[in-house]
Every structure is written in C-alpha cells, then in structure tokens.
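*Asks:* Below are the chains, spelled out letter by letter.
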Amino acid sequence: MSEPKIYRYLYSPNKFPLDPEGYLVNQSEWDESVAHLMAEEEGLTLTAEHWEVIQVVRAFYHRYEMAPAMRPLVKATKNALGEEKGRSIYLMQLFPGSPAKRIARLAGLPKPTNCL
Amino acid sequence: MATSDALLVIIRHAPHGSNWLREGLDAALVAAAFGQPVHLLFMGQGIMALLNEQGSGAPGQKATLPTIDMLEMYDIDKLWVAEGALHAMHLSADSLVEGISLIADQEIPGLLQQHAKILNF
Amino acid sequence: MILHILTKAPDSSASTQMQQAIGDQDAVLLIEEAVTAALDPSWATWQQCKARIFLLSEDLTARGLASIAEDNELPTLEMDGFVSLTEQYEKTVTWY
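Sequence order for the protein chains is A, B and C.
Residues 1 to 116 (the working numbering) make up the first sequence, in order.
Residues 1 to 121 (the working numbering) make up the second sequence, in order.
Residues 1 to 96 (the working numbering) make up the third sequence, in order.
Hints were generated in silico from the structure; no laboratory data involved.
Do not take every clue at face value.
[Said to hold, decoys possible] Below, computed lysine-lysine pairings styled on DSS-like, alpha-carbon distance capped at 30 Å:
| no. | chain 1 | residue 1 | chain 2 | residue 2 |
| --- | --- | --- | --- | --- |
| 1 | A | Lys75 | A | Lys85 |
| 2 | A | Lys5 | B | Lys78 |
| 3 | B | Lys62 | A | Lys15 |
| 4 | A | Lys101 | B | Lys117 |
| 5 | C | Lys8 | B | Lys117 |
| 6 | A | Lys111 | B | Lys117 |
| 7 | A | Lys15 | B | Lys78 |
| 8 | B | Lys117 | B | Lys62 |
| 9 | C | Lys50 | B | Lys117 |
| 10 | A | Lys85 | A | Lys111 |
| 11 | B | Lys117 | A | Lys75 |
| 12 | B | Lys62 | A | Lys5 |
| 13 | B | Lys78 | C | Lys50 |
| 14 | A | Lys85 | B | Lys117 |
| 15 | B | Lys78 | A | Lys75 |
| 16 | A | Lys75 | A | Lys101 |
| 17 | A | Lys5 | A | Lys111 |
| 18 | B | Lys117 | A | Lys15 |
| 19 | B | Lys62 | A | Lys101 |
| 20 | B | Lys78 | A | Lys101 |
| 21 | A | Lys111 | A | Lys75 |
| 22 | B | Lys62 | C | Lys8 |
| 23 | A | Lys5 | A | Lys101 |
| 24 | B | Lys117 | A | Lys5 |
| 25 | B | Lys117 | C | Lys91 |
| 26 | B | Lys117 | B | Lys78 |
| 27 | B | Lys78 | C | Lys91 |
| 28 | B | Lys78 | A | Lys85 |
| 29 | A | Lys111 | A | Lys101 |
Chain A with its partners taken away, still in its complex shape:
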C-alpha cells in the first residue's frame, strides 16, 4: 500500500497531517483533542451523544479492520446503544451530511472503503 498523500495540516500547534479528504494521515496521532479540533473545523461541537457513536465506530474498526458504511453503522449503533439510537435519522441529526464518512474522519480512521 502506498503512503497516503499529505494535503494539509490540521490547524493546531502540533500540525497533524491530513489527506486530501481531511482524514488523519497517521492514525496513531488520534486522541480526543484531535477529534475536537477536527469537529471544530467542521463547525460541530462534540457532545456525549457524539462520543458514544464515535466509540462504536472505533470498536467496529478495531474488530473488522474497516470503517463501516451507513448500513452497518446503523446496525452496529443499534447493537451497542439500542433501538432508539440505531437509526439513520438519529445519526444524520448528530452528524449531518454523510454520517459514515464524518464519523470515520472524527474517529481518526480511514475513509470507509465501500462507501461511495
């Protein structure tokens, strides 16, 4: 696999490199403060509700070595957080636009591969 291209740096004293789509180049640099910086850049304030979903996605990646597309994201959220939250409308409200991609980015993971 080729090294991901560095496109720009996340605005912070540590200059975390990002790829052309805004995903963290070095996954090991991720921590909660990086997620907050990325969210801030998107105009999103991370609440406890956001965090529990980010943790679901990180656990998914840890187990399956891939970030989930929307459908499995909904299923994983339902399994972890219950019926109420395991719905696409809920995830869309928390992460408007493309929840699967946005959450993967904020979670410091690569873009979901089978998510066009």
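Position chains B and C against the provided structure of chain A, taking the given hints into account.
*Replies:* Structure of chains B and C alone, referenced to chain A:
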C-alpha cells in the same frame, strides 16, 4: 425454486495469492451497502477464505477473516459452500467460520438459476 | 438459462467449477485459452452440453486450431454470433 432478487457473488480464489477474493468481497459489500440483498457461493480455492484459523499474512496485507466476520453487519448472512470442493480439499465444515451452509454439487446449477444477477470472482 | 463463458483451459479449476455450475438449459461459449478444448473431443463438457456449446472462431484461428476444430466437427461462432448468443440468454457468467 423461486427466483431471488438477491445478487449472487461467486468466490473462487484464495486469500493472499491474488486480488480476486478481495475484489469479490468488496463488490458484495458495496452492493449490500446500497441495500441490495447479497448471497455468497464459495467454490474451489475460494473456500480458503472461510478457514477459521487464518492469520493476517504479510505486513500491509489485509487479513480476510475480519472482513468475513463483518459480512453479517452488512446483512450478508447466506454463505454457501460447495460440499464437493470442501471434501476435495480434505477439509470439514468444522474448520470453517460459523454460519455457513453446505450445498451439494448437484444443487449448484439450481442456485445459479435462482439468482437474477451473478458476479463471478 | 445462463450463458457460461469459459476463458481458461479445459484442465483449469475455472473449467471444473463451470462444469459444476452448468444447468440443463444453459449454453457454453469457449473463448481465449478455452478454445484449446478443440484438441480434446472427449472433454466432459462436450457431452454435458451437446448442442449448446460453441467455440469462438477468431480465438481458434489465432491459436492455429481452426482446422482441427473443423476436422472434429465442432461448432464455431463469429463475433456477431457471440453477441446474439449473449442476447438470447438472461444472464452471462464468465469463468476466468
């Protein structure tokens, strides 16, 4: 047999040797991500993808087992395994991941007829 | 009804797997390396499919097998015949 509107993805290549397996699984995942019901049929060397003791291989090479485990998260839960090929490889179903279904060789033509769309990898 | 297209030699695993998948109403088209089946009239698939198995003539010619196919009285198809065959069948499955 009723015609299924599911997509049948046939997997015939083993992990590590080529990209065919990965491409087949990717095609299945993309289709499933778009809400298309997907069934899988493993024939010949493709059965190697289901061995429950496989490791991750060379550094930088993606392991197959996590992706196989992930299929159920994409609602891909029909994994057919050609019984004749399994025996020809001196394997038993116990060596494979859970949740697979064995299919007798003489039922394979019928399985293909049942599916409106087939992708062969 | 399926049109099976085989691109690999008759002794390949692709060929074996195709044989396992052929149904009663299906047809088979042999292209690329698969046209070497012309050398072996005892190949099981000739019996299995009888009237519905064809060789692509341009791949036979390219490999110097056209006259052998003719001597063995094997059915061949030109490219336009190939196209109309794919139109006759609901789906096509390629074995490579």
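*Asks:* Now look at each hint and say whether the structure bears it out.
*Replies:* Status of each hint after checking the structure:
At most 30 Å may separate the alpha-carbon atoms for a hinted pair to count; Lys75 of chain A and Lys85 of chain A meet this at roughly 10 Å. At roughly 38 Å between alpha-carbon atoms, Lys5 of chain A and Lys78 of chain B are farther apart than 30 Å, so this suggested pair is violated. The hinted pair formed by Lys62 of chain B and Lys15 of chain A meets the criterion: a straight-line CA distance of about 29 Å does not exceed 30 Å. For the given pair, Lys101 of chain A sits about 29 Å from Lys117 of chain B by alpha-carbon distance, which is consistent with the 30 Å threshold.
For the given pair, Lys8 of chain C sits about 22 Å from Lys117 of chain B by alpha-carbon distance, which is consistent with the 30 Å threshold. Of the pairs offered as hints, the one joining Lys111 of chain A and Lys117 of chain B holds, with about 28 Å between alpha carbons and a cut-off of 30 Å not exceeded. Taken as a hint, the Lys15 of chain A and Lys78 of chain B pair is broken in the structure, with Cα atoms around 46 Å apart against an allowance of 30 Å. Distance hint between Lys117 of chain B and Lys62 of chain B is fulfilled; the C-alpha atoms sit about 28 Å from each other, no more than 30 Å.
About 26 Å separates the Cα atoms of Lys50 of chain C and Lys117 of chain B, which keeps this hinted pair within 30 Å; it holds. A C-alpha spacing of about 22 Å is found between Lys85 of chain A and Lys111 of chain A, which places the hinted pair at or below 30 Å, so the restraint holds. Of the pairs offered as hints, the one joining Lys117 of chain B and Lys75 of chain A holds, with about 26 Å between alpha carbons and a cut-off of 30 Å not exceeded. A distance of roughly 20 Å separates the Cα atoms of Lys62 of chain B and Lys5 of chain A; the hinted pair therefore holds under the 30 Å criterion.
The straight-line distance between the Cα atoms of Lys78 of chain B and Lys50 of chain C is roughly 33 Å, outside the 30 Å bound, and the hint therefore fails. This hinted pair does not check out: Lys85 of chain A and Lys117 of chain B have alpha carbons roughly 34 Å apart, beyond 30 Å. Restraint check: the Cα-Cα separation between Lys78 of chain B and Lys75 of chain A comes to about 17 Å, which is no more than 30 Å; the hinted pair holds. For the given pair, Lys75 of chain A sits about 16 Å from Lys101 of chain A by alpha-carbon distance, which is consistent with the 30 Å threshold.
For the proposed pair Lys5 of chain A and Lys111 of chain A, the alpha carbon gap of about 14 Å is at most 30 Å, so the pair holds. Among the hinted pairs, Lys117 of chain B with Lys15 of chain A is inconsistent with the structure: their alpha-carbon atoms are about 49 Å apart, more than 30 Å. For the hint pairing Lys62 of chain B with Lys101 of chain A, the CA-to-CA distance comes to about 21 Å; that is within 30 Å, so the pair holds. With a C-alpha separation of about 27 Å, the suggested pairing of Lys78 of chain B with Lys101 of chain A holds against the 30 Å cut-off.
Restraint check: the Cα-Cα separation between Lys111 of chain A and Lys75 of chain A comes to about 18 Å, which is no more than 30 Å; the hinted pair holds. About 28 Å separates the Cα atoms of Lys62 of chain B and Lys8 of chain C, which keeps this hinted pair within 30 Å; it holds. A C-alpha spacing of about 18 Å is found between Lys5 of chain A and Lys101 of chain A, which places the hinted pair at or below 30 Å, so the restraint holds. Distance restraint check for Lys117 of chain B and Lys5 of chain A: the Cα-Cα separation of roughly 38 Å exceeds the 30 Å cut-off, and the hinted pair is therefore not satisfied.
Distance check on the hinted pair: Lys117 of chain B and Lys91 of chain C sit about 7 Å apart at the alpha-carbon level, within 30 Å; holds. About 15 Å separates the Cα atoms of Lys117 of chain B and Lys78 of chain B, which keeps this hinted pair within 30 Å; it holds. Restraint check for Lys78 of chain B and Lys91 of chain C: satisfied, since their Cα atoms lie roughly 21 Å apart, inside the 30 Å limit. Straight-line distance between C-alpha atoms of Lys78 of chain B and Lys85 of chain A comes to about 27 Å, which keeps the hinted pair within the 30 Å bound.
The straight-line distance between the Cα atoms of Lys111 of chain A and Lys101 of chain A is roughly 6 Å, inside the 30 Å bound, and the hint therefore holds.
When the structure is compared with the earlier hints, violations turn up for hints 2, 7, 13, 14, 18 and 24 and for no others.
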